[in-house]
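Asker: Sequence:
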Amino acid sequence: MSSLASSQTPAAPAPHGIPWLRLAFRPFYLGAALLAALLVPLWTAVFLGAITWLPTPPPLLWHAHEMLFGFAIAVIVGFLMTAGKTWTGLATPRGPALGLLILLWLSARVASLVAPYAVFAVLDLALLPMVGLIFLRLLIRARNWRNVPLALILLLLSLVNLTFHLSVNDLIDLAPMRSLYAGLAFIVMIECVMAGRVVPFFTTSAIAGLKIETLPWLERSALAATAIGLALWVADWHGGLATVALALAFTLNLVRQWRWYPLATRGRPIVWILHLAYLWLSLGLGLLALAQMGLVPVSIGVHALGVGATGGLIIGMMTRTARGHTGRALTADAPELAAYVLVMAAAVLRVMVPILAPSL
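If you use the working numbering, the sequence shown corresponds to residues 1 to 360, in order.
I should point out that these hints are in silico values taken from the structure, not numbers from a laboratory.
Glycine included, C-beta positions come from ideal geometry on N, C-alpha and C.
Treat the hints loosely; a few may be bogus.
As the list claims (entries may be wrong) - With beta-carbon atoms standing in for the labels, derived distance ranges:
1) R266 - P297: 26 to 34 angstroms
2) M293 - L159: 46 to 54 angstroms
3) A45 - A118: 21 to 29 angstroms
4) P116 - L210: 37 to 45 angstroms
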């Protein structure tokens, strides 16, 4: 528990340098927020035919790639590069080094719209290996073995991103969407691991007298079932095994979350947003199980995980960690509450509309 607390303890500010570049969450959270504000209306305009100029790769692949490897990865990098400092007690990139990382990320986002594809691919592929190796080296130096799997997932995401760019250019025999599904799966696994650490901690911190006891067998079983179910889904496994694994992951994650007392957080939006988002994660796994049986479109499960779980956890963690690391009150004001409601409403609409009105 103390390690969780330390990951949210405000770090001592650097005595010099640009404040915006002292901690990684500042530029990366801001960049991710601005990117999301641009990508969603831009994709809507493209989808409705209001914009005839189309980016490369093809619009649907561009949209999915940028939401995963542009938006979500920016938040993950900002979070891990900030938390890594307090997890290890060692310095993470700041100042010019951090500026280079955010510039590289930004250059790739601009290149996805205006540059030749080769330029976009090179810029896009550069960030994740750099961050993954920086983070891994930090953890090894501090002998922080517990978090090494997170660094390895970053490096695996680098390989997934490479397969995406290769498949888009027909350099390997793989559907590009499979790479994007793999990217989503790895991001969901990061969310499963981190939520198991921070959601119970944030809940007990917010509710006086509440105690949450974790069951190691349940934690391991939920993570294992989720990993196996997602791996079989990404591999396009035909047969009942993937369905069973995803259904088991759905059930175990629901039980896991119920033990975190989600209903106790009703009056604390800065905590309940995390519980709602994790509920979407469980529902997304369940919807993928139904999709394996042909009962619902796979896109519904994908967007439950992408919009509801990932979007909800991102907006929740952005507001919570940003306030924690800047010494402000850990409460949600009206703007934060509005953001929570809008993200959850977007998830409901994106999942329910195709079910209720398939022709839209």
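Asker: Could you work out which of the previously given hints the structure breaks and list their numbers from low to high?
Answerer: 2, 4
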